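Participant: Here the structure of chain U is known, so what remains is to put chain L in place on it, guided by the hints.
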Amino acid sequence: MVEDTGKALRPGTYKPVNTPEELKVEEDAEGLPVTVKGKRRQAVISIEDRWRIDDEWWRAAPVSRLYYNVLLASGQRAVLYKDLISNKWYEQEY
Amino acid sequence: MPYAELHCHSYYSFHDGASSLEELIVRAKDLGYRALAITDHDNLCGAMQYAQLSKSLDIQGIIGAEVTLEGGFHITLLAKDRKGYSNLCRLITAAHARGERNDPTLPIKLLSEHTKGLIALSGCPKGEVSQLASKSRLSEAKKLIKQYLDWFGVDNYYIELQHNSAFGDTARNTVLLKLAEETGARVVATGNVHYHVRERHRLQDCLVAIKNCKSLEETHRERRANSEYYLRSVAELEELFRSHPEALENTLKIAEQCTLDLTKDLSYIFPDYPTPEGHTPLSYLEKLCYEAATRRYGSITPQVRERLDEEFKLIKKYSLAGFLLMYHEVIRLGREVMIDLGLSDPNLTLEENPPGRGRGSSVALLAGYLIGLSHIDPLKYKLSLERFLPADTMSSVPDIDLDFPRSIREELILRTHEKWGWQHAALTGTIATYQIKGAVRDLGKALGLPEAEIDRLAKQSDWGSAKKLGKKMGRMPNFKDKIEAPVWRDLIQLAAELDGFPKYMGQHPGGMILSSTPLIDIVPVQRGAIEGRFVCQWDKDSIDDAGFVKIDFLALGALSQLQDAVDLIKERTGQRIDMSRIDFEDGKVYDMLCRGDAIGIFQVESAAQMQTITRLKPRNLLDMAHEVAAVRPGVGANHGVHEYLLRRTKKKPVTYDCPLEQRSLERTLGIILFQDQVNQLAIDVAGFAPSEADRMRRAFSRKHNEELIEQYHQKFLAGAKEHGVPEETAETVFKKFNGQYMFPESHAFAFGVTAYQASWLKYYYPLEFFVAIFNQQPMGFYNLETLKEDARRHGITALNPDINKSKAKCLIENGALRIGFLNVTGLGEASAEAIESGRQRGGEFKSIGDFLERTGVLEEVALNLAGSGAFDSLETNRRKVKWEIGLRYRPINTQIPLPLPVAQDMVELKAPSDWERMKEEYNVLSLYPGGHIMARLRPRFNGGFHTSRDIEKLRDGAFITAAGLVIRRQRPHGKVVFITLEDEFGHIPCMVFGKVYEQYEYTFRSAFLIIRGRLTRRDGTCNVVINKAESFNALEKVPASKDWR
Chain U
1 MVEDTGKALR PGTYKPVNTP EELKVEEDAE GLPVTVKGKR RQAVISIEDR WRIDDEWWRA
61 APVSRLYYNV LLASGQRAVL YKDLISNKWY EQEY
Chain L
95 MPYAELHCHS YYSFHDGASS LEELIVRAKD LGYRALAITD HDNLCGAMQY AQLSKSLDIQ
155 GIIGAEVTLE GGFHITLLAK DRKGYSNLCR LITAAHARGE RNDPTLPIKL LSEHTKGLIA
215 LSGCPKGEVS QLASKSRLSE AKKLIKQYLD WFGVDNYYIE LQHNSAFGDT ARNTVLLKLA
275 EETGARVVAT GNVHYHVRER HRLQDCLVAI KNCKSLEETH RERRANSEYY LRSVAELEEL
335 FRSHPEALEN TLKIAEQCTL DLTKDLSYIF PDYPTPEGHT PLSYLEKLCY EAATRRYGSI
395 TPQVRERLDE EFKLIKKYSL AGFLLMYHEV IRLGREVMID LGLSDPNLTL EENPPGRGRG
455 SSVALLAGYL IGLSHIDPLK YKLSLERFLP ADTMSSVPDI DLDFPRSIRE ELILRTHEKW
515 GWQHAALTGT IATYQIKGAV RDLGKALGLP EAEIDRLAKQ SDWGSAKKLG KKMGRMPNFK
575 DKIEAPVWRD LIQLAAELDG FPKYMGQHPG GMILSSTPLI DIVPVQRGAI EGRFVCQWDK
635 DSIDDAGFVK IDFLALGALS QLQDAVDLIK ERTGQRIDMS RIDFEDGKVY DMLCRGDAIG
695 IFQVESAAQM QTITRLKPRN LLDMAHEVAA VRPGVGANHG VHEYLLRRTK KKPVTYDCPL
755 EQRSLERTLG IILFQDQVNQ LAIDVAGFAP SEADRMRRAF SRKHNEELIE QYHQKFLAGA
815 KEHGVPEETA ETVFKKFNGQ YMFPESHAFA FGVTAYQASW LKYYYPLEFF VAIFNQQPMG
875 FYNLETLKED ARRHGITALN PDINKSKAKC LIENGALRIG FLNVTGLGEA SAEAIESGRQ
935 RGGEFKSIGD FLERTGVLEE VALNLAGSGA FDSLETNRRK VKWEIGLRYR PINTQIPLPL
995 PVAQDMVELK APSDWERMKE EYNVLSLYPG GHIMARLRPR FNGGFHTSRD IEKLRDGAFI
1055 TAAGLVIRRQ RPHGKVVFIT LEDEFGHIPC MVFGKVYEQY EYTFRSAFLI IRGRLTRRDG
1115 TCNVVINKAE SFNALEKVPA SKDWR
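Sequences listed follow chains U and L, in order. Heads up: the first sequence is residues 1 to 94, going by my numbering. Heads up: the second sequence is residues 95 to 1139, going by my numbering.
Next up, chain U with everything else stripped away, as it sits in the complex:
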């Protein structure tokens, strides 16, 4: 159940779920993530899994992303992706 905040709904008060958040990532020579600069800078200990999506190539903003499920130095797991069109990195829950 979603908690009732008591606030009235207004345009602009809703936002899509699971919006990717841009972050800075350092890559190695093969383009794999080695360091993630989120709230703090962390090394990537291992890449547990990776996958790719390509879609909506017929639209003005095609989707082409390489996802990585990584284990960070803090022990935290994160899902990052590199946008293959803009070459920017994002974090997104998956």
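These are computed hints drawn from the structure, not numbers from a lab. Check before you lean on any hint, since a few could be wrong.
Unchecked claim - Which bits of chain L does chain U cover? Going by a derived footprint, with three or more residues having C-beta under 8 Å, they are:
hint, segment
1, 260-271
2, 314-324
As the list claims (entries may be wrong) - Using C-beta positions, here's what the derived DEER-type ranges look like:
hint, chain 1, residue 1, chain 2, residue 2, range
3, L, G594, U, W57, 49 to 59 Å
4, U, N87, L, E545, 46 to 56 Å
5, U, Q76, L, L204, 51 to 61 Å
6, L, P580, U, Q76, 34 to 44 Å
To be verified - A few chain U residues that don't get close to chain L, going by computed Cβ distances all over 10 Å:
hint, residue
7, K39
8, R40
9, L71
10, R77
11, Y90
Quick caveat, the model's predicted, so the values are computed rather than measured. In this text, a Cβ means the ideal position worked out from N, Cα and C, and glycines have one as well.
Facilitator: Here is chain L on its own, set in the frame of chain U:
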């Protein structure tokens, strides 16, 4: 590390695979793969083609399929050897025999009974093992794996590990590896390939959308998650499977086990023939031949004996007796059908009334002529066995096509299925492929483009390759601004990729393969769209490659026409003409052809043929063969026709690019007219073996063949060099080969004979000729209006239908052609039968009311009959007739109609004008028996306009302005367009060249044209070269022109 890809879909995985066989093989070779398996969904449509291609391109090709099991699970099966291939064919056949026609499923029990010679791989994520693994149902998965290991053995069953970077691949593979370890099964890495390069993923997405009849937006779930289903580099694969290199090594272990060579291992044996007791196939064939020869020639002459002896030696050497007897059996079956359908007199012998005609190299066989296979006496026409059937080609299957009249073909196909059984007689498959219209419609929908615009674009796109879409759009006012627009430019790019892709497998209209051993050991067979028909999964090319006995039950309208004409002549004169014994050197008949009077004559009536025949001037059957062969795209592609005619009319000398060309080209003045000459050139100039020369020739006509052709090109140059031919000369010779169609010499000869026979009938029996051609419509190059005009020029009058004189079909009446009821729009067999039987029972119809009451035809039918003039013998005012029909007509229902008087309701109505009568006749008959529309329109086109009669008298170079009805448009392979106008006096043949055609492309589609241009006269031909055109309107409904590519 070397690698073999064992799971790959070509475009024969309809609407799923997005690359051609050649693209896949070439890419695999470039990547250094050792082998490539093609595993299309539930079919082997491309298997023979693949075997040929992979051999030519020197990479190991493995034959397999991804088969759908009960429950919708997939499994990958690879054929190791001939037995494995046979099992694969049987399994696919069994899968198609169940369930819905296009939804094959194989009962898993049958799989267990057909494991020998097969290697099974557990399949893609849709495989049952993968599905169980993904759902963590591990004990069930282990049980299933153990079952497969039990059936196939540990060396022949592998768990497929696929990693296409889709979410879940890593997790699934982890579980599969554990299952393999626990069960003792081996693992193998496969790519689940659906296209050869990454960029093709866009087309693959579209194919999935098309398959689901939805747009890309609507098929998010059905489409693959990413673009990783391409042939990847070995380095990429090594990286993906670095922790389990044995998965890659095992690809080679499997490849090494697969030794099947489909180009050799089918070991097709010519079918046996169950002969009467005391006979072998050869002795029985001899018996039949000698009996027929006695009937034909009166006795066995020394010439006949010598020829038969020569032939029987070859027939015995190559075991062809059973093969020929099988064809004879089909001809006999055809004769039974004709007798059963009342189309032949049972007292006639087979050779007096053959049901069909053979084409192909068999025309050279006297034995073939005697047993009813061919209609040409090779002794009379000195057809040498060596020319048509050289000894070295007898080791492969001589090709024989059998043409049958339309009327018996359908029944014959069903009886052949019945007689031999569907496992031994199946129809040839045919693969429909994407051209421009289909590509626009399907891709347009997938891309979500506006429906109305896509519809308009498809209609305006006309015909041809989808690669030309961009260019065509550039010439369309409504679309030229869209070429660079988003999504529209995707449409153009994707259409070019989709061009030539298989769309679906259907049945060939008449090709059938026969086999004494079960067909399903050689090629999968599935149910056809029509009940009772079974179709094999190979098309004509694959069947030719396999060397099958294939009989083409081709329905030739021309044969039906000749048959009908001969029957009509017998009815009128009491004499049955033996068309194989007419004078084939009658100068008067050739004179008629040389004048270009060829309308309605098989093979020589097209615009291009008529332009050629007046220059070629045939005087014998060999000339006719040259005429028929010359106007083919393959000859035209090299300007062959033009060059041949110049040499024939001695305007140019006969020369050869190389002395080694002389043997094959001497008889055609140094020009390639027949496809056999291409083979002979490859043999003589470059030392090819006959079978290799044939494969090279056929490679030219295959799609996506660039790499293959280049290989043959290099072989040709190398071979020519060994024969002392300079490279430049060898290149010149090689450039003469192309993929456009040419006739084999024997076909051209057979067709030339049929064309002559039709001409002979037209000259001596024009009445029967035209009645027969009217009754065989639709056929040929002309509509009824044009045929009627030609008949008129030959002294034959066409009479309007008459309720008291016509029958269903056209008939002869006092030297004229009485149009039949079936020619009236809306009038079918049932109504025609009702009118005839009404007349038979109660005599002639006395009035409109009498007609309506006794026939019970529908009001619309009666009104159309009135419009056609069918009641003119009772009442000439057709308006009055229609009024009365309206008053008297009572639909048939449960109420008994009262014969109430209508006289009080009759009114005085003005009779329709001549123009109105003419319009209505065009409307309901598609012709105007009483004249020609241009005669009525002539007052509009008097001053400054030429008629066809005027043009005959004008000199070369004269400026022409003319108006007429378009009766024909022809575009032989994209060069000049031939358009023929018709006026009340005859025809105006026109030519339109490139730029002018582009400028007036849409105007030329109109039914009526005013044209302006210049007259050219060359070697007996006459054309108006158009430089301006405009259209005009005259009728709402116009007799349709016949348009040909």
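Participant: None of the hints should be skipped; say for each whether it holds.
Facilitator: Results for each hint:
1. With a threshold of 8 Å between beta carbons, the proposed coverage of the segment 260-271 of chain L by chain U holds, since 6 of its residues qualify and at least three are required.
2. Closer than 8 Å: that is the beta-carbon criterion, and the segment 314-324 of chain L has 6 residues meeting it against chain U, so the requirement of 3 holds.
3. G594 (chain L) and W57 (chain U) have their C-beta atoms about 23 Å apart, which leaves the hinted 49 to 59 Å range violated.
4. A C-beta distance of roughly 38 Å is found between N87 (chain U) and E545 (chain L), which places it outside the suggested range of 46 to 56 Å.
5. Restraint check, Q76 (chain U) to L204 (chain L): a C-beta distance of roughly 53 Å satisfies the suggested window 51 to 61 Å.
6. Between P580 (chain L) and Q76 (chain U) the Cβ separation comes to about 41 Å, which falls inside the hinted range of 34 to 44 Å.
7. The Cβ of K39 (chain U) sits about 26 Å from the closest Cβ of chain L, beyond the 10 Å cut-off, so the non-interface label holds.
8. Remark: the non-interface label on R40 (chain U) is consistent with the geometry, its nearest Cβ contact in chain L lying 28 Å away (cut-off 10 Å).
9. Separation of L71 (chain U) from chain L is adequate, the least Cβ-Cβ distance of about 14 Å exceeding the 10 Å criterion.
10. The claim that R77 (chain U) is not at the interface with chain L holds, since no C-beta of that chain comes within 10 Å of its own (minimum 14 Å).
11. Remark: the non-interface label on Y90 (chain U) is consistent with the geometry, its nearest Cβ contact in chain L lying 16 Å away (cut-off 10 Å).
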